[in-house]
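Asker: Residues per chain, in single letters:
Protein chains: 4
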Amino acid sequence: MSDKNLTAVLLLSCPDRVGIVARISHFIFERGGNILDLDEHVDIEENIFFTRISWDMKDFTIPASELEQAFMPLAKEFHAKWDIHFLEEKPKAAIFVSKYAHCLQEILWRYSLGEFNVEIPLIISNHPDLESLAEEYGISYHVFPINKNNKKEQEQKELDLMEEHEIDFIVLARYMQILSSDFVDAYHNRIINIHHSFLPAFIGGNPYEQAYKRGVKIIGATSHYVTEKLDEGPIIEQDVVRISHKDTIEDLKYKGRDLERLVLVQAFNYHCEQRILVYKNKTVVFD
Amino acid sequence: MSDKNLTAVLLLSCPDRVGIVARISHFIFERGGNILDLDEHVDIEENIFFTRISWDMKDFTIPASELEQAFMPLAKEFHAKWDIHFLEEKPKAAIFVSKYAHCLQEILWRYSLGEFNVEIPLIISNHPDLESLAEEYGISYHVFPINKNNKKEQEQKELDLMEEHEIDFIVLARYMQILSSDFVDAYHNRIINIHHSFLPAFIGGNPYEQAYKRGVKIIGATSHYVTEKLDEGPIIEQDVVRISHKDTIEDLKYKGRDLERLVLVQAFNYHCEQRILVYKNKTVVFD
Amino acid sequence: MSDKNLTAVLLLSCPDRVGIVARISHFIFERGGNILDLDEHVDIEENIFFTRISWDMKDFTIPASELEQAFMPLAKEFHAKWDIHFLEEKPKAAIFVSKYAHCLQEILWRYSLGEFNVEIPLIISNHPDLESLAEEYGISYHVFPINKNNKKEQEQKELDLMEEHEIDFIVLARYMQILSSDFVDAYHNRIINIHHSFLPAFIGGNPYEQAYKRGVKIIGATSHYVTEKLDEGPIIEQDVVRISHKDTIEDLKYKGRDLERLVLVQAFNYHCEQRILVYKNKTVVFD
Amino acid sequence: MSDKNLTAVLLLSCPDRVGIVARISHFIFERGGNILDLDEHVDIEENIFFTRISWDMKDFTIPASELEQAFMPLAKEFHAKWDIHFLEEKPKAAIFVSKYAHCLQEILWRYSLGEFNVEIPLIISNHPDLESLAEEYGISYHVFPINKNNKKEQEQKELDLMEEHEIDFIVLARYMQILSSDFVDAYHNRIINIHHSFLPAFIGGNPYEQAYKRGVKIIGATSHYVTEKLDEGPIIEQDVVRISHKDTIEDLKYKGRDLERLVLVQAFNYHCEQRILVYKNKTVVFD
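Note that the protein sequences, when read in sequence, are chains G, B, E and U. Going by our numbering, the first residue of the first sequence is number -4, and it counts up by one from there. Going by our numbering, the first residue of the second sequence is number -4, and it counts up by one from there. Going by our numbering, the first residue of the third sequence is number -4, and it counts up by one from there. Going by our numbering, the first residue of the fourth sequence is number -4, and it counts up by one from there.
Hints are not guaranteed to be accurate.
Remember, identical chains collapse to one label, so a pair may be satisfied in a single copy or spanning two.
[To be verified] Calculated cross-link-like contacts (lysine-lysine; reagent style DSBU-like; alpha-carbon spacing at most 35 angstroms):
no.	residue 1	residue 2
1	Lys147	Lys85
2	Lys71	Lys208
3	Lys248	Lys146
4	Lys241	Lys76
5	Lys241	Lys85
6	Lys248	Lys85
7	Lys85	Lys53
8	Lys241	Lys(-1)
9	Lys71	Lys241
10	Lys275	Lys250
11	Lys224	Lys147
12	Lys76	Lys248
13	Lys87	Lys248
Simulated from the structure, these hints should not be mistaken for lab results.
Could you build the full structure based on these sequences and the hints that come with them?
Answerer: Below you can see the structure in the form of structure tokens.
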């Protein structure tokens, strides 16, 4: 793809100071970039500046391949953490599933409509159940059964497979296995999970049963990045639905299922479009 | 008030069996009662039947004063827990407050408009701050400062005062003191609290700070009956509002404040209208 | 299916009077029926009583085939409009579609999971586009192209086909053709449509464009029964989603699509379970 | 107030072109301004650029009084419509009311807490009913009874009174009089109304009655700028609440009342903080 057709996206965070927006936007402007979208945020308490800027490379005066190099001095001056991506160079995602189909189905259906700025080269599962669904959409499906004895080696095979396919990030679409620390470290802030509760309520197993037992009047779903601590990673998106005493546990699962798939899809979309910055176990989501 | 103008409300729960609705509605019908509203629910898992039935006493053939006596045999046969109230005999509530005005203000404003089926003879506080607000609405305001040495005796004075005024139930409108077990026992399932989080998330102090730190994308408020375990009583009503990374802790408090007052008012209203049945630390709310 | 396994559902409306609940529940009780669910409502202004009662036929002392006959005298006395269905005798629905897949896909997916109390023997369309989706779920797909010259005869063919399959009701899953009065009359209050706006706002064509142009901050979707007046039939279910100035017309369509399929599915479910009573161009939905 | 303590807010719209953000942020940066917040939006279809930029004047190298003059050339080059305000120079609002107290009460309560960046020197009404509420908060209350004969002259008196008090904008807090075109013109895009429906549904009188009759399942409230066409001005904010067949018209009014006051307060807040740009009968709200 020609540089002319690229859209650059800068995600940057740094200690707050005067002139960051002016300096960065001037950097882009003087090289012929047309800013398409600029969002910024300052965490006053922590004194951290965050921004997401996207621009059109059509009339850019330096090649895309030299952009990072050119931006480096400014980033250093700001002591910034930063990334530049080109939207047209789609990231690659692996979807992990177990037996529940709804999240996978929602993702594949939308993927087939071209909704996500992503490529999905493969689906990984610890069960064979959803293979036919994967086949329907023409995506390769790899089964790695996990038990307590083989977990380490199976995870290594998964990592190898993903490396081979140059996978950028992982989506756990109701994957019912806890990942090891090593695995999580390998994809730090690049594993998106959907937890079927309004976190931090009902961490761990069977959240609908927990919610039913507690007698809440609203249930939720939470999409978050996976960290070593179960269900405690940075939250990307949440949504809720009202319930009542009439609802059985089965009703909660039924109502929650729609939350799960829509919340996961939203978080997935944000990640694909480079809209998320993580800091202090929280997220800035520029929507 | 003449019996003719009364509206009876039966709240009943019992082991489920065939014919309960038929038998009770027949009991009312054969005595000339006109059923205005009938709600019922069965907890299939626990095999418990719940109902709220209200009827017009206009053409009732027995006096209101004999109604309980007349219903007793049926209730016994059903092994029921039950109460009959007449809506026109308004329950009496005491409002407990500390320094935050918004919940008290919301209640008093609506009370002054005649919205609640209740009488509010008195407001109790551990601080003098809201006395002028109470005065504005002509309700007596009693200050009982609490510290760790005087808690027992101060609570006893509060109980004595409430007994004197024949208080039926208590509303904690952001009352910032933990009640003793003895106090809670004295008003079992008759103390309504508003907790400024989406329970069971963020139990205890400073829930907005907790929510901010956890980085949730939605905050909530929960109204529940007070039990011995802090913030673990039966939930009556909850609501939520969306937040984002832009919101500071102050913004959370600002947004949460509207939730708190509206959720508390809703729970208060349900209680005043005898719409709540409690079982197994949960509520059935017939709205 | 043996009578023993049936669940009867009575939907009834009549002028309000004393004793209706008592009389009907007694009718069921004395014949050995176990009431599973009872909802009732009175429109005070119009003085109309509505009820939905379901009961277990396991120990019923008269056969299912004689139930209507047995209930007739009571219904006559009440001057009631009424129906008795058995949930296990599933109604038959025809789905009408054009080119948009999302509503059909949502229905067929859930149908394949056994969620709806319904049978879907056929799908009818004015376009061939969605045939492969129908095939995937093994449901026959019939194309009847419509133009202004052939509308009458094509509709007649559709009606014939549906009669042959004993279709009870119709779901318009984004069917982009206006039905003739004769067609609508043939399925009075038995055609469920999804309109992609928050009715009565944005009646007619291109509601998302209308909403965009008007600059609303919330969009909606509405499921309703079809009547002769376009988009003016009794509303069954509505839902909304927040938008902002950032959203293009395409974004509105994208966000609205999730509303459309979930609102339609909810209305469909209510109808399948005999939960809807229609009067005065409104609905009572016993959920 | 010293220039040092000021916060400047620029609201600007212009034909979109390359470099606007860079040029404006550079303008601020080179004069020592510290950008606190920057939001921008492009209406792609109309090719219009919008921005709201706020900055700290602490180290600004030109006086506040010369800022407009200094910015003028850039604005001209961009063919921009623009305003610069200083947040600390609070705008002045007049509140118009009739007989309903809830919106006024909500505004005055929050105003007394210091929530709004505004001064409210006076309340104007066509009825004396809410005078005591105004007095309670120490704000002067002026009654101008309106009938079809005196409307023109009474409105003139209102305009004179507001001019005398240098009123910047008007809030119609359930003011039950239609304003004349001349009056509306005098405060173009500076009159905020609350309409008690989800516009454009139920324009005009008695929207709750209209909603009840139509049988909607959700009701709403809409805050908008007043234009000559009744209820057709640019929408600032909307919100909704779910209702059911159980709700009477009185219930709709009761539920809607909470929507009305919260939606109006939100729109009021946006206006006070210079967050709204109007174009093509729509709003861009930078929240």
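Asker: All the hints need checking, so say for each whether the structure fits it.
Answerer: Okay, the hints, checked on the actual structure:
no., hint, in the structure
1, Lys147 <-> Lys85, "within (30 angstroms within a copy, 50 angstroms between copies)"
2, Lys71 <-> Lys208, "between (53 angstroms within a copy, 29 angstroms between copies)"
3, Lys248 <-> Lys146, "within (29 angstroms within a copy, 44 angstroms between copies)"
4, Lys241 <-> Lys76, "between (50 angstroms within a copy, 20 angstroms between copies)"
5, Lys241 <-> Lys85, "between (45 angstroms within a copy, 23 angstroms between copies)"
6, Lys248 <-> Lys85, "both (34 angstroms within a copy, 24 angstroms between copies)"
7, Lys85 <-> Lys53, "within (18 angstroms within a copy, 44 angstroms between copies)"
8, Lys241 <-> Lys(-1), "between (58 angstroms within a copy, 25 angstroms between copies)"
9, Lys71 <-> Lys241, "between (58 angstroms within a copy, 26 angstroms between copies)"
10, Lys275 <-> Lys250, "both (32 angstroms within a copy, 23 angstroms between copies)"
11, Lys224 <-> Lys147, "within (18 angstroms within a copy, 42 angstroms between copies)"
12, Lys76 <-> Lys248, "between (40 angstroms within a copy, 31 angstroms between copies)"
13, Lys87 <-> Lys248, "both (30 angstroms within a copy, 26 angstroms between copies)"
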